[in-house]
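Given these sequences and hints, build the entire structure.
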Amino acid sequence: MAGRRDELQRIAAETFGWPELTGEQLAAMEHVMDGHDVLAVLPTGAGKSAIYQVPALLLDGPALVVSPLIALQNDQIDSIADSRAPAAVALNSAQRAAEREHAWAALRRGEAGYLFLSPEQLASEEVLDAVAELGVSLFVVDEAHCVSAWGHDFRPDYLRLAPVIERLGHPPVIALTATAALPVRADIAARLGLRDHREVLAGFDRPNLRLGVDTLPDDEDRHQAVLTRTRALTADPATRPGLVYVTSRRDAETYAGELAAEGVRVAAYHAGMKAADRERVHEEFQGGDLDVVVATSAFGMGIDKADLRFVLHAAAPDSLDTYYQQIGRAGRDGEPAEITLYHRPRDLGLQKFLTAAKAPEQALAEVATTLAGHGEPLEPAELGRRVDVSAAQRTRAVNLLEETGAVGVTADGRLEYRDAEVDPGQAVDQGVEAAEAHQRLIRSRIEMMRGYAETTGCRRRFLLGYFGEHLGQPCGNCDTCLAGTAEAQPEQDGEFPAGSVVGHPEWGRGIVMSADADTVTVVFDDHGYKTLSVPAVREHGLLTVVGQEK
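For what it's worth, the UniProt record's numbering labels the leading residue of the sequence shown as 1, then goes sequentially.
Hints are computed from structural coordinates only; laboratory data are not their basis.
Each hint should be verified, as a subset may be incorrect.
As the list claims (entries may be wrong) - Listed next, the in silico SDA-like pairs over lysine to any residue satisfying Cα-Cα at most 25 Å (straight line):
no.: 1; residue 1: K530; residue 2: G499
no.: 2; residue 1: K358; residue 2: P336
no.: 3; residue 1: K358; residue 2: K530
no.: 4; residue 1: K305; residue 2: T22
no.: 5; residue 1: K274; residue 2: E253
no.: 6; residue 1: K358; residue 2: E253
no.: 7; residue 1: K274; residue 2: T22
no.: 8; residue 1: K358; residue 2: K305
Next comes the structure, spelled out in structure tokens:
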């Protein structure tokens, strides 16, 4: 074992210039070399890419890296180019035909050790056939939380990776993400079809981040508070650069415009911008030409900037998963960073979040009936011509039917009706139930976000509890601790230990995420997060411990 660790460390130092790998990196690499699938949850900046880059040099065939954004792919390819490792190539929609041919030629000659693709690329039968001939040594899923409907950035194309993995002979799979609470991890493992996998988890605590919430009664007060604090932070070189997250494209443009008018080096970033403009903002921020970016959640993946001194949220996001992912981009150099959420309670009203999650019943019926009645798999474009619903509703219906197993995707990317024992009417009912389960999940995550924003206890303790970590004493570096309201919580007596599997008479199976003498927070398979009163649980016998999550 020591010999293998020494070899991995030597390759890391000689090839990539990394003098010392972390314990988490080495543990994950050793699992890979033993042939296990691996799910690694490490914070942004913790060197997740090393987990596949080093073992790939000891295995025959290129490593295939599935990455959702071209910018992410380019950053990782550039880092490999700066090393002594074999070349890395990408295949994406932004390339010219000659560039793609050059990439394929390098792979076939064995000159490239890493291939970067988006999940959409793997929907092409032609691409998949060509990849299968390469003898892929590792199948890497970057930003793996995208595969989980429990995650904060669910992407339907990630659902189709499991059959691709099997088509390639199931090489060792490495799933990488910076944020994954326990239900997300379980979902990733199931949806990717991980076999006998190992999990490597770093602690979620970031003690150098000073957590705070500023609760404001109306939108104008909040708007001015965000502007005032951003101006103050960007005026001092010691407290810049930073990010301001907003929930809409209009807000990104408005805040950026007002700050720019006062001389702040600022840019807006959102998905409605042209790709070239987004890339320019990304490069200017990375290069130090901007002091702040005002962005929607579209900005963040691939941000490799260790010295962010603040992350402000002009409104609460939809979940603590999203929030943790975004604030985790600050203070990666270990120096202090300010984290502030500007909270208006009415922002977390459920309707705007739940409307998008409602089941498109007409689309479900048309898609299920069309596929069941056709007999042969259909190209997605052909399905679009046969059903009279919008593209967005059609995609939503297909995703729900895929999730229930009624519809599947063939190796060449066509859609087929898979369960002959389930008629289209039953498939629609199952799709509606899946959508309702998503709504329950969304509702529970919003309430946990509200709980974080409105707690008077230690804010870090609440946040860590959401991810299944226990912090017994107040952290001393959040606003409630500094205000003196966060007192030490009485320890629970071990009745509901974190990670224990429990049963509830109404909500079914769940896993305890955190508990103290007064409350227990459980994530239920079909109902999401619930925080229960321990005295009420005892009085009514609401929870039965049935085991321990593996």
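Here is what the structure says about each hint:
{"no.": "1", "hint": "K530 to G499", "verdict": "holds, 15 Å"}
{"no.": "2", "hint": "K358 to P336", "verdict": "violated, 42 Å"}
{"no.": "3", "hint": "K358 to K530", "verdict": "holds, 21 Å"}
{"no.": "4", "hint": "K305 to T22", "verdict": "holds, 19 Å"}
{"no.": "5", "hint": "K274 to E253", "verdict": "holds, 14 Å"}
{"no.": "6", "hint": "K358 to E253", "verdict": "violated, 30 Å"}
{"no.": "7", "hint": "K274 to T22", "verdict": "violated, 39 Å"}
{"no.": "8", "hint": "K358 to K305", "verdict": "violated, 38 Å"}
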